[in-house]
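K.L.:
Residue numbers (my numbering), protein chains in the order written: chain X, 1468 to 2268; chain H, 12 to 347.
Be aware that a few hints might be false.
To be verified - Here are some, though not all, of the chain X residues that point toward chain H, as calculated from beta-carbon distances under 8 Å:
no., residue
1, 1527
2, 1531
3, 1534
4, 1545
5, 1863
6, 1871
7, 1872
8, 1879
9, 2159
10, 2162
11, 2171
12, 2173
13, 2198
14, 2202
15, 2205
Worth flagging that the hints you see were computed from the coordinates, not collected in a lab. Note that the coordinates shown come from a computational prediction; the quantities given were computed from them, not determined experimentally. Yeah, the Cβ is synthetic: ideal placement off N, Cα and C, and Gly gets one too.
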Amino acid sequence: MNQTAAPPRDHTTSSTEAGIGMHVQKRNGDLEPVDVNKIVRAVALCAHGLDAIDSLRVATRTISGLYDGATTAELDRLSIQTAAALTAEEPEYSKLAARLLSVYIGKEVRQQDIQSFSQSVKFGHQAGLINERTAEFVETNRRKLNDSIEKDRDQLFRYFGLRTVYDRYLLKNPDSRLVLETPQYFFMRVACGLAETPSEAIEFYRLISSLEYMASSPTLFNSGTMRTQLSSCYLLDSPGDDLMAIYKKYADIARLSKYAGGIGLAYHRVRSKGSLIQGTNGHSNGIVPFLKTLDSSVAAVNQGGRRKGAACVYLESWHADIEDFLELRENTGDEARRTHNLNLANWIPDLFMERVEANAEWTLFDPAKTPELCDTFGDDFRQAYEQAEAGGRGERTVKARDLYSRMMRALAQTGNGWMTFKDHSNLKCNQTGTPGNVVHLSNLCTEIIEVTSDAETAVCNLGSVNLSKFVLENGNFDFDHLGEVVRTAVKYLDRVIDINYYPTESAGSSNARWRPVGLGLMGMQDVFFQMRLPFDSEEALDLSTRIQKEIYFHALDTSCRIAEESGAHPSFEETRAARGDLQFDLWNVQPEDQSRFDALKARIKTHGLRNSLLIAIAPTATIASISGCYECIEPQISNLFKRETLSGDFLQINNYLVADLKKAGLWTDEMRNKIKRSEGSVQDIEELSADMRLLYRTAWEIPQKALIDLGAARGPYIDQSQSLNLFMETPSIGKLSSMYMYAWKKGLKTTYYLRSRPATRIRQTDAQTNVDVATNPTDGYKSSDALACSLENPESCESCQ
Amino acid sequence: MRKASILDPGFDLTLRPMRYPVFFEMYKDAIKNTWTVDEIDWSQDLTDLRERLLPSERHMINRLVAFFATGDSIVANNLVLNLYKHINSPEARMYLSRQLFEEALHVQFYLTLLDTYIPDPKERNAAFAAVENIPSIRKKAEFCFKWIDSIDSLEEAKTPEQRRQFLLNLVCFSSCIEGLFFFAAFAYVYFLRSKGLLNGLASGTNWVFRDESCHMNFAFEVVGTVREEHPELWDERMHADIVEMMKEAVECEMGFAEDLLEGGVPGLSLRDMRTYLEFVADQRLSNLGLPAHFGSKNPFSFMELQDVQELSNFFERRVSAYQIGVEGEVAFDESF
């Protein structure tokens, strides 16, 4: 801690009032009078370099929330919360709260006699948390590793990030529930879990503790522990069309989701409602009752209390239970036919979209009679489908547009029923170079595209580059550094494959064959803010595409280098890359700097690739919070929003906007209230320049066509896919059907949630009356006309604008 | 002859021409807000109660649910016995019928809450009988009953004095009971939620909060209507009586707070609670067109959090914010 920090400003007159006559209980049990100056000093120590912080304010507000006889630990916690609560007024308080929390965590760890990284690992090992290999590795190299801990890197956190790490990622003493590791020990433990040498450990520690790159949550949770399940995603092929297969799948899913994996599951092969069951001569009830059981099963497994299990079920659009499927998430109707915990996705063949466009008929099939439809794509599928139609093997015929319209309605009403495209996904997948290899589904977040079969459960481990760290002071993007980070990241993503614990045999064998990884990114919106590029500008599109191209190039290059040393992945010969086709070739796009890709292709021809797949852009919900940036490729949802997580509610504010407003002298209470009242939008705030309003639009205010265009432009450099959310304030069938038709035509493999806003809102409790009372206490009463505005519809109310 | 007042005794059955369309609009809006108790996921709450709450917080929540168990029933009784009788407008009575359903829904919510939170049948019965055996809750109930009884024998609100009495009852239920007692209760829930605790309770409370806001709004609208029709009722005496009533309500709620916070809850001090109650009371006065009496500012930043757009991580909570009715036909040329 920096002792030269500015001393607290002299506020002796007011500070004597706070906490008078109150006591705190020290750790040894003694009572001591509350001393506001002591608290001010503790806060000021953490506030060096943060000019906007008023330490006295934090101290007095802390004391105001205190009760007589509280413990000093309670006092510490309260001061952290108090600082965090001031974030909405001044973003620097987030840094202050993070530093106070860092100090608090340090105390908690040292309180258990843990003074160094190696002691922390030893303790964790004795407590049965850290595995033998990691414990030994750390013990052997303890001096080097301890010396490499950079405690100051805690300063890189904002409050929300550190809080998340503290609440959920740091290993806890099983008995006392106190944390055993500081944030830096935690990063080093994760690194040691993947490293073979101390210098590797230090290399990876430096990378993740810089927050320039972050491994996925399962890797952060489990690296170095007794159960090294480090993968984020599992994709399971549909159970076969028999009862035992269906029940075995439940058990597989429970095993996979126990250790923090998200599940994608196809259901195309299970027969539809009314299908004859030969063994009993009865009729099947279709897929819904089985999905209901899956729903309960998923809810029962809660990933050790760290987060709820989650799964997404995929169904092809020709399955005869498709209409029931689309209703599974509705809030009304027969509860026996509703699955509130499952996510749903449509796996859509091109033929369906063509028939929608042509306003033609669409035939629905029972897979018990047309099993070939599941295992074909492209022209083969088209042929099989048309033959089955011509052979009269269909169950029912509907208008393609009616079904499409129901898909759109499900999206609007539930956000679920994601639109993912079977043929785009298969035809542009590196793994489908040989007949028989078929992608049957994507995953829980629609960014993984891998082949599956009954014997192969696809697995993917993920990590994301934090782009917000790559804009240089001169305003340029640091492509060189991006390349370096990608190289290190890919090395350790590949490493995960060998260390990973595979809960099922089919997952282990698949991963050994294909060795896929998913390198993604986050903080795209940060880059656009930093470089002042509106989300829908041409420059933004060029930059985002170039970033993706660089990531793809360096990832391929690294994978090829590893192949040079350790050999290509065993199924390399089955891939399209073996035939000289990289992702952009499959999109019929040629990069401008073709020569370096040509050189790379030549080397791939010689050495192969260590990994069949390299790039996938995951939603990064939690790791973006840890890293303090916006999620993956998403535009900001709002300039001011509340984040609800298991650790509680946190206010997030657009720091870039605040900095701009400060520069313009516009960051006032009144401005803050205006932004709050307009629900985080700045479009109607006249004090802002047109440029600023354009830059600081929210996801609701950006044309969605731009999001799709950005996605399609980076697509040629993404060999898996991207979690692309789309946003529409008030969706209509017309707008939605236009939007998804466009997304399909642009060649996107998948889309993710449709985000819309609630039809009615929770009342804005105090924002507006706060101001009214403060500025004009007698003007609270309004005539009946003004009161006619419904608090539930603030947008239709003039007085709320 | 044209009727002069919404408080004229009788049963007006004429919806057209509509005299108070604002009430009809409120009725329609309320219907859009339908929710059900089944939508609430309690699973995390039970773990929190068992493992994560401090003993002092557990005491707080036990007392709180005990209050909830009776609070909405009292409001529903007053609605049936007093409000419906005297507000003579068919469209306003439509709203009141809807409100009555919502009160029943809230009672069901709290019934489920108690059944879920308090597994021991003996303890549970004691909680349901809170109004009999917990003094701080008894005191709040007495405050309510006093204002129910005050117009209990009122058959018609005809004379200015009778109308005054009716107005005071309405102000008490909207501003003190729904507007202050419930708002205080919400603060305890949101305090815990800001610490990531009891999400099931918090999500149900969100919806109750939304409903209560509407109920209050309706009541203020009725008060405003009466005030326009009978400006003479709104005199110094009325003003003084309302302020007196608010002060009494704040003290009553403080007694409850002392009981709730008895064990010491870090982050919720009695001092801050009083400031908050005074702040809310001032807001109610402002809603009624009266100047602030206390001049207090909201000390609870977690209450401010409730206004801000949420972004849930779907691993963690259900996002319940989706549209109900979606219209239109398939098209390919609309802008998006």
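K.L.:
Against each hint, give a clear statement of whether it holds in the structure.
P.N.:
Hint-by-hint comparison with the structure:
no.	hint	in the structure
1	1527	11 Å, violated
2	1531	6 Å, holds
3	1534	4 Å, holds
4	1545	5 Å, holds
5	1863	19 Å, violated
6	1871	6 Å, holds
7	1872	5 Å, holds
8	1879	4 Å, holds
9	2159	20 Å, violated
10	2162	19 Å, violated
11	2171	5 Å, holds
12	2173	10 Å, violated
13	2198	6 Å, holds
14	2202	5 Å, holds
15	2205	4 Å, holds
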